[in-house]
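In the order they appear, the protein sequences are chains A and B. In terms of the numbering used here, the first sequence is residues 1 to 291. In terms of the numbering used here, the second sequence is residues 1 to 291.
Hints are supplied without guarantee of correctness; some may be wrong.
[Claimed, not checked] A few chain B residues that face chain A, going by a derived Cβ cut-off under 10 angstroms, partial list only:
#	residue
1	D93
2	Q114
3	R118
4	G252
[To be verified] Quick look at which bits of chain B chain A covers, simulated, 3 or more residues with Cβ under 8 angstroms:
#	region
5	148-158
6	192-203
I should point out that these hints are in silico values taken from the structure, not numbers from a laboratory. Quick caveat, the model's predicted, so the values are computed rather than measured. The C-beta atom is built at its ideal place from N, Cα and C for all residues, glycine as well.
There are 2 protein chains.
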Amino acid sequence: MRLDNVGRSANRPTANIVAEALIKTVRIASSIEPLPLPGESNGLGDGGTTVAFEGCGIASWSVTAFLFDLDGTLLDSVYQHVLSWREALEAHDIQLSVWKIHRKIGMSGGLFTQGLLRETGRPLSPELIAAVQEAHAEAYQRRMDQVRPLPGAQELLDHLSSVQVPWAVATSGRTGSAAAARRFLDIPLDIPVVTRDDVEHAKPDPDLFTEAARRLGVAIEEAVVVGDSVWDLLAARRARALGVGLLSGGYGEDELIRAGAYRVYADPSDLLAHLDEVGGRRVGRERDGQR
Amino acid sequence: MRLDNVGRSANRPTANIVAEALIKTVRIASSIEPLPLPGESNGLGDGGTTVAFEGCGIASWSVTAFLFDLDGTLLDSVYQHVLSWREALEAHDIQLSVWKIHRKIGMSGGLFTQGLLRETGRPLSPELIAAVQEAHAEAYQRRMDQVRPLPGAQELLDHLSSVQVPWAVATSGRTGSAAAARRFLDIPLDIPVVTRDDVEHAKPDPDLFTEAARRLGVAIEEAVVVGDSVWDLLAARRARALGVGLLSGGYGEDELIRAGAYRVYADPSDLLAHLDEVGGRRVGRERDGQR
Chain A
1 MRLDNVGRSA NRPTANIVAE ALIKTVRIAS SIEPLPLPGE SNGLGDGGTT VAFEGCGIAS
61 WSVTAFLFDL DGTLLDSVYQ HVLSWREALE AHDIQLSVWK IHRKIGMSGG LFTQGLLRET
121 GRPLSPELIA AVQEAHAEAY QRRMDQVRPL PGAQELLDHL SSVQVPWAVA TSGRTGSAAA
181 ARRFLDIPLD IPVVTRDDVE HAKPDPDLFT EAARRLGVAI EEAVVVGDSV WDLLAARRAR
241 ALGVGLLSGG YGEDELIRAG AYRVYADPSD LLAHLDEVGG RRVGRERDGQ R
Chain B
1 MRLDNVGRSA NRPTANIVAE ALIKTVRIAS SIEPLPLPGE SNGLGDGGTT VAFEGCGIAS
61 WSVTAFLFDL DGTLLDSVYQ HVLSWREALE AHDIQLSVWK IHRKIGMSGG LFTQGLLRET
121 GRPLSPELIA AVQEAHAEAY QRRMDQVRPL PGAQELLDHL SSVQVPWAVA TSGRTGSAAA
181 ARRFLDIPLD IPVVTRDDVE HAKPDPDLFT EAARRLGVAI EEAVVVGDSV WDLLAARRAR
241 ALGVGLLSGG YGEDELIRAG AYRVYADPSD LLAHLDEVGG RRVGRERDGQ R
């Protein structure tokens, strides 16, 4: 059975559409049985996903994939990034309050640097931007021994893998960030880790998340984007994904809700405890005798 | 002329009372002339303040005094404090996410440490609390060269002095914090700087602010408490002062409003630009021929 599209239309309020999609996903997920891990998958349309399973033909099912931001969402690294940016900016005679840096963390490094320099009214030569980015990378490298996985991050990822829910990581950091992710978290090699180097535009553009969904072979509209910053949530909205906010990057709850978070949890551990609220149930093969 | 009390009553909504008090203060302030700096002052009642001026008898006037928190309000030091607490906790094998530490900054060190240890479920021996506090002080000392005054902090304080508005600093830090304040800011020696060591209970108890008001000789109910954390604003409410929030400590705007902020500004510079909105006008001697 091919699942119907959820029936999005530009004239209907987003909240209703999201609620319907969730209800539908959960209803479907509840009525079907566990399924072996997909060997290969292809996104088809924006309502359901058709997945090819080796040795068992074609099964159609709706699945909520999870696309995770990295810093502040899986890793407790935001405050180290913030003070590294501060150090890098000061090294180039740019004075900026630390809280303003914090509120821009999670944008792409280029946009971030441009935004900060615009606030200071300094001219934005590409050389200066590159130099500040390099100084940040160096300063963060020195602080990386203070970075830890957030509570429940590994357990959440392991749980999703064990119940065969597709997931990926999408970070505004460069390829080095992917290496950092693997230093702190056990991420299987077949899990996509999309970085700034893989896409043309980073957050708040939606490219990182749409690319992650593409690599998973799932429709972005069926995916849940989990992030700690308003930039993750704005990117999620632009991608038409469902945004879920975590407080673990230091933003306030209302800031995340105003940016479009459907739900806000404290950290990965709290999200894991409430996974059913965001459609993260065990999904499996449908047995309806129609094929 | 002795000013009437604003007429607070437990049955009236706080917002109305606050608005009335502000309107009254601004109206009074607008109608009167500049005044020489008080040589001595005494708080009398909770509606107006009677101040004795050397050589010119007794003048009665309503004045909005400003009581400032230090870290995150006048100094850009919160993120350095946060990572210093993190380091101190880890040194004692206490793992806690950095954002949770951030959200407790501004409480008294003792309450803060107890709160953090309670979250981790560890037993709270006084020795452990003292050891963590000492490790924090040492770690913060190492980071203090990264601390800066917040934009507009010195200008705001200088402006208040120049227009003869009383002001004081009230910090949950120990006496060492007062020395730090004077390292980064030019605070005249006759300005009260109240620290944790001067009162029995620190924020969110109101003692720091009531003590600061007492030293200024102003009624706490006529004072504006300026702080970056919800603990400042809760303490302000408990003291029946007017709370004004600043974003410069990294809390979100809604968090501060929910905690009771009457207004929220970005930083001291932004507050200075909008000082008339919180009753911070030039106040002076009343000439009404009634005395």
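Hint check:
1. D93: Since chain A brings no Cβ nearer than about 13 angstroms to D93 of chain B, farther than 10 angstroms, the hint is violated.
2. Q114: Violated, because the Cβ-Cβ distance from Q114 of chain B to chain A comes to roughly 20 angstroms (cut-off 10 angstroms).
3. R118: Interface hint status for R118 of chain B: violated (16 angstroms vs cutoff 10 angstroms).
4. G252: Holds, because the Cβ-Cβ distance from G252 of chain B to chain A comes to roughly 2 angstroms (cut-off 10 angstroms).
5. 148-158: With 3 residues close enough to chain A, the hint holds.
6. 192-203: Violated: only 0 residues of the region 192-203 of chain B have a Cβ under 8 angstroms from chain A.
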